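**Q** Build the complex from these two chains, which are given one at a time in their own frames, with help from the hints.
Protein sequence lines correspond, in order, to chains A and B. Mapping of the first sequence onto our numbering: position 263 corresponds to residue 263, and the numbering continues sequentially without gaps. Mapping of the second sequence onto our numbering: position 144 corresponds to residue 144, and the numbering continues sequentially without gaps.
Hints may be right or wrong, so weigh each one.
As the list claims (entries may be wrong) - Residues from chain B shown here face chain A by an in silico Cβ test under 10 Å; the list is partial: (1) Gly14; (2) Pro16; (3) Trp55; (4) Asp71; (5) Phe84; (6) Ile90; (7) Arg151; (8) Val207.
Calculated directly from the structure, the hints in this document are not laboratory data. Since the model is a prediction, treat every value here as computed from it, not as a measurement. From the three backbone atoms N, C-alpha and C, an ideal C-beta is built for every residue, glycine too.
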Amino acid sequence: MRSGLQAVNRWWWRLAPESARIASTTRVVSGLVLILAMAVPALVLGTAGSSVVSQAAIMGRIDDTGATVMTLVGTEPGTVIPAAAVDRIARMSGVQWVVGLGPVFDVRTRGTGGSPTPAREYRAVRAPVRFGAAAQSGVGAYVSEASAARVGLAGAYSLLDPGATPVVGWFEADSPLTDLNSFVLIPSVDDSLLLDRIIVAASDAGWVDAITANLKAMAGLGTSGSATVERSQSLLDAREAVRDEVARRDRQLVVVILAAATALACIVVFTGTVASRRDFGRRRALGASQRQLTILVVLTTLWPSLIGAALGTAAGTAYLASTLGYWPDMRFPVSVGVLTVIALVCSSALPAAVAATRDPLRVLRVP
Amino acid sequence: MIEATDLTFGYRRGQPVIKGWSGSVAAGEIAAIVGPSGSGKSTLLYVLGTLVKPWSGGLRLGGASVDHMGDGARSDLRSSLIGFVFQDAILDPRRSILDNVVEGSIYRGESRRAATDRARLLLDKLDVGVEGKRRANDLSGGQQQRVALCRALLGNPAIVLADEPTGNLDRANAAVVEATLLEQARAGSAVVIVTHDEALAARCDRVYRL
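Just chain B, same shape as in the assembly (with noise of 0.2 Å):
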């Protein structure tokens, strides 16, 4: 599902923060990506979702190569192939819990009534426990990332591309998202999570470090 091949990337010209990183992350796998602080983990998972173009190197996503596609193209295949979450889990705070979670939804031109009823499905099952018309900012941190996971979760995307899920989660909250990682992975998607924690990553079908 994800094929990358000697990707190279950074922020200043001949400062590269990955060095022709090399990966893949088939269908139905976890992979986490673990690393010291500064070491390009994120920056790799936002390469990885097409966020930014790499400097040099290939990516397949879907089997699709994603080389030379324009940003439209580039952002069509994040709304339809692609689930993004967060460390904090950038909810727009002025907004429901139900319009956040069903944001992605507008951008791949679904209808809203549609995504609204697969929304509600999904925050019961994650147990978010409060009404989809509350604003997010009513909500606790983990609260927050449960409808920031519905989010990612409810265009039932290929990939599911986590940069530190549960770093600012206690650790039932944690344990929550980890396993709806893991169950994703295990009904068909490929699965990257950036991660600091070992025992997470242990728990992954395959582990890259940097």
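Pulled out of the complex, with its shape left as it was, chain A reads as follows (with noise of 0.2 Å):
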């Protein structure tokens, strides 16, 4: 017989097996939370991944404007960069593609007396410019579309003036160079060659200000004021605020989502509480405290939430994996599962708190 008050073991994690009994068994109010916990990291992975690959859809475009793109160039008569500096360039972090350009000078086809055409020298390193040799290959001129119909070539195997240059071959200059199929090129793996500008392209518009900084003394010319680093921050600037804006709206959306799931889970929550009026007056009768209900209330919650929230973000994972082509940085889904849990917890603790203050005699009393 217990005859007297006895430390009661009010351990928390003491209720989690009820608590789970519990969820197991009212399993309309589990199973909304689940479809809940689901549809929150399912909603958020899925919409990042459509923004993720639309924001890389927008900074594509900017980026094949230029906003990428940092050309170095002689500002005095007489400046000259050794092309060496084409390679050094193209060795430093962030750097995707590097051209650098000789001095313009006109050329035309011997003998037939077309017009004069505009030629440079040209030396690269992964630039994003498609070369094609003719049936007589080797060291000469290479023309695009457009210069050879300009420089009215005569057959496979024209000759350039001045120099007597053989073209050799066809050329064409993709985003953001396609200017240059204006040009005849003549590229060039002479040391000796004389650039007069460079052209940089960063892999992201993070590296620019990096590379922007580092350019001149790459090219050998120190800090001199014989040469600039010219880059369209306009460009830069869109590139940023497209960036922000995406990045704000799917801040924005994930708060609704969550808001959203937390009041539903709230109200589903604060129902299951109310349709169990007698359990919880049973439960103060047989000696439940107020917190412990509270905590039981709670605990039911985080069951169908751990589950609901591993199922969708695994699923929203497996989706945006799907959309972008690669897994993501795991950290992101596992940040949106956390936050999906502690939000439907934290949502159940006020009808919890509600549920456990209610007065038992009402519902134990018979009327």
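**A** Right, here's the structure in full:
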């Protein structure tokens, strides 16, 4: 016989198995919480995936117009840049490609008298310019479709003057170097070649500042004022604005989805506690404290939230990976899943507290 | 074991249901509370069971004053000293019989295994006659009340508070419940029964009329 007040072990984890049993028997409430917990990460990750893809497309379009392109150009007559600078710059972190161009001079096709066409000596690493060799390959000039028409080629064995340079192939420059298509290019591997400008593309806009700061030094021009680095600040600003706007909208969306899920979970749990008034009254009579009941409701919400968030995160991550074409950094999906569990568990705190403090007499008394 | 002095309580301000009730029930004693419907019998029982605080008056259970106890201490007291039996069993119909019987042990922080072993013995003793794994909603009314009795007696409480425990039962089941409560009193518990049954009240050691 228990004859006096005894110490009661009220560690919350002793309620964990009971809360799991309650969660498994209150299937409607648990099921709805589980669906909500699945939906949040799935929606967030699905939306984030589409957003990342859209953002990448917009960024790509901006970058195509030259946002990540810098040009090192002489500002004083006679400023020359050694061709070896192209190779040095290409080895810098964050550099996607480099093109070095010599001074412009006009060429004509020997014998046919075509129009004078601008030509430049050319040295590049990883540049978006495709070259194709003609029947007679080797060192010589390459023409684009436009420059070929202008220079008036006379068959496959044309020579360009001055210098009797043979035309040995064709080229096609892609964005943002399409301006090169109006030139005849004469590639050179000779380190004695002197350039008057170097065009550099960064692999990401985040590298532009660092590359800009080091470009003159890498070109062997030190900090002299004989050359300057030109870049498109307005495009960089536009790029940043787009990224900030997309990130802001993503954050807003996450907040809206979480808030909606939290509100719905709160309603579901509250409805569940109202439907279980007699259970709460019985538990109070059996010795459950208000604190124990609150913890019990919160833990009962935790289990379906955990399972749902895990399933939703897995599905959302798989969708994100399929959209992006690669597995995302797992910190993002895991954070979304954890945030979902925290939000749903917190949403149950208020209904839990209300249920725990409800007067048990009204449901226990037989009218 | 139960000592109440001038207890007053009501649900609405200025309209007390219990007015200055005093009484006591010693260990090993069984007391009946009788009275017409609406007289506050059940309410008094739940005040004695610390489920609500009286507006005024004093209450001592097991030698300890509960007047200034907070919710945690009162809950500790309920789980360690008191067993409740309600008119309708108030079992969780979705849970197994054993789950229902051992539920109070969770709030006492007892080992589930030990509680389950004792629950099986009690279910056998009260001749519930079904496996403990079956759901509570598979039981008849009489069986449910026996299960509720097992739940109340599982912790071998010093105080048993029964709210019309035989009100919904046939004669045979009512007899089992009454006999068990009397036996619990003879074993040393203070038992309080709210009842309309004058015959049952007559068999009690003490009768309080409201």
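**Q** Work down the list of hints and note, for each, if the structure agrees.
**A** How the hints compare with the structure:
1. Gly14: violated (18 Å)
2. Pro16: At 14 Å from the nearest chain A Cβ, proline 16/B fails the 10 Å test, so the hint is violated.
3. Trp55: violated (14 Å)
4. Asp71: The hint holds - aspartate 71/B has a Cβ within 10 Å of chain A, the shortest such distance being about 5 Å.
5. Phe84: Nearest chain A Cβ about 4 Å off; hint holds.
6. Ile90: The hint holds - isoleucine 90/B has a Cβ within 10 Å of chain A, the shortest such distance being about 5 Å.
7. Arg151: holds (7 Å)
8. Val207: With a minimum Cβ separation of about 20 Å from chain A (threshold 10 Å), the hint on valine 207/B is violated.
Checked against the numbered hints above, the structure violates hints 1, 2, 3, 8; every other hint is satisfied.
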